[in-house]
Every structure is written in structure tokens, then in C-alpha cells.
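Enquirer: With these hints in hand, go ahead and build the complete structure from the sequences.
So the protein lines, in turn, are chains G and Z. Under my numbering, the first sequence has 63 at position 63, and the numbering climbs by one with no breaks. Under my numbering, the second sequence has 238 at position 238, and the numbering climbs by one with no breaks.
This list has only true hints and no planted wrong ones.
Straight-line C-alpha distance at most 20 angstroms; calculated SDA-like pairs for lysine to any residue:
no.	chain 1	residue 1	chain 2	residue 2
1	G	57	Z	21
2	Z	89	Z	14
3	G	57	Z	161
4	G	57	Z	24
5	G	57	Z	211
6	G	57	Z	197
7	G	57	Z	189
8	Z	89	Z	70
9	G	57	Z	196
10	G	57	Z	198
11	G	57	Z	159
12	Z	89	Z	66
13	G	57	Z	212
14	G	57	Z	20
15	G	57	Z	195
16	G	57	Z	194
17	Z	46	Z	57
Hints in this document: simulated from the structure, not taken from any laboratory.
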Amino acid sequence: MNEDGRSNLFRFLVELSDSLELLTSFWSNPERTMAEAGLTEEERDLILSGDLIELRKRLETEGAEGVVLIPVDVSRSHPLGLLEAHPLGLSGE
Amino acid sequence: MTPETRAAVEAADDVFYIVTDPLAASWFERLVPGAQSLSRLYALEKSRAETYAEMVDEIMAPVRAGRAVCVAFYGHPGVLVWASHEAIKQAQREGHEARMLPAVSAEDCLFADLGVDPVTSGCQSYEATDLLIHRRTIDPTAFLVLWQVAWIANVRYTPTPSQEHLPVLVEYLEGFYSRDHEAVLYEASPFPVGAAQVTPVRLEALPTIDIPPMATLVIPPVERPQIDHAMMRRLGLDEVPTKLTD
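Expert: If you want it as C-alpha cells, here you go:
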């Protein structure tokens, strides 16, 4: 773990989300790119496995505050209100 | 995030956001230090309708004070997001300039990951609760995308899904498909690495498995649609266009 409580894996994936240069490097040579980022062999294997469930499990433990799963309630937010003002002129019930 | 969206985020006086994974939260907080997460408005057992109304109020307060406001939602801001549509509507009604910028929804990801072309195959897209309470008619000759199957009739916030209503969904789907029709549970990777999670499942087995909270149910067509030969003659067509038969 780093000073901010985040692992190298977490930091690497954040950087990968933001840096076109790093992403290009990762796609052309993932092993070298991950080694240069200081990822452990276990972290490198996890990324290369593409195992979404395991990745999520690992990253959730480093979660930022306030992150929640957010399903949407459509039973009260049926878009009739949107249809009333829809550019296609649709009208609601 | 498109360059256009990024520019909008960086140019705003106030930025709000909602994401569902810690990586995205960390990335966003780095991009916009001081951005405020709207996730804090959720509370256990609190009505989501109330939460959405509070989100709109949070967004509109700085708008009314004359500030440039940008709100980022995970996925596409216009897909399964009531607060975004409502805030834009309110802002415009009050004379403010407001617009939505497009992004990539779960459905866009599944078209890519599952190799589904929604136009040539035909595609219906419903939220699971909406499907049931409005008794939507399903066309079994086209793909069916069902959102939020793990959260049927869940109107108050809970951190984990409840699957108690899945038998009702299966019963409804049986009106259109055989019980053993095979579908897939799909979840896009929210990370820059990692494969999409694709789990084949027979419809009758849905209540017996643990459905990932963010999963979307994708049901392939049962059969090809019937051809209306009289209509083809009216349109001057001798054969079905190739793009619709591949």
C-alpha cells in the first residue's frame, strides 16, 4: 500500500483510465508496462486474467467514500414528463 | 469521456458526479479536485424518488446563483437517470442554458461485447420493473435487453439487491419464451482492463442463481420475423435486403 492507502494496482488502473500514452503502451506490451509501474507478479496476473469479479473484489477494498450501487426507480419516474416536452411531440397518458 | 465532455467538466464552476466504483471516483476526483459526489444523498431505506429530487435541488442551487454547473453520471447521463433529465428541464424552464452530452451506456458496451447489431437484429430495451408493471409486449423475434433484473420493485435504497421477485419475471417471460430459452447475464467491465462478465442462463434458472447487482439480462430472439410478402411487393422488393438477413 502507498501513503494514500491505495495499492499500486489501484493507482495503475486510475492512470490507465486517464493516460492515452500509458494505455497505448499497455496494449502493445502489457508485461513491460506493468513491470515499469511496479506491479507485483500477482497483480500482473490478475490484470492479464481479465477476471472482472476478482478485480472488482480487490478494488472495492480500496473504495473511496460514498461509492454505492445505484439502481434507478422507474416506477415513479416514468418518462411521461419527458414525453410531454419531447421534440417529437409525443404525449403522455 | 469524450474531449467535449472533458472540456465541459473542466470549464465548470461547480462539478457534481455519481459513479459506482472506487476507481472511477478516484479518477474523477483527480480530474476535478473539489467535485462533489451526489452519492451521499442516498441512505438506507430512503425513497429513491426523494433522493432524485434532492439531487435536482443540489444541481439547481448553483445554477440559480448564476454559476456554470456540470454533472457527470456513470454510463450515459440520459439512460436510466431521472435527475439529469429533470435538472435540464427545470434549468431551461427557468431560462438557463442547459444541455446533455452523450456518453457510453451499458447497452452500447453490450452491442460491442456480445456482437449484437440492434438494427439488423431488432432490439427492445426495458427496465425490468417497468416491463412488469406496464405489461410491456415483447417481440420474441428481436433481442430483448432487460435492465436492473436484480432490483425488481426496489424503490427504497438498499446496498444489495433482492431477488425475491425473479419468479414473477420468469412467469411473465414465459408468455413469450420457453422456460429453457437461453439468455445471458451481461456486465461490462468498468475498468480499462478486464473482460465483460457474460453468464449464460436458462430463463427458468434465473431465480436460482446469484445475479450480479449491475447485470443486464439479454434474451436473444426465438425465431426470425415473418416476412410480409404483400408489403414487399408494394415496396418493389424481390428479396429481403441483405443487411436484414445477415
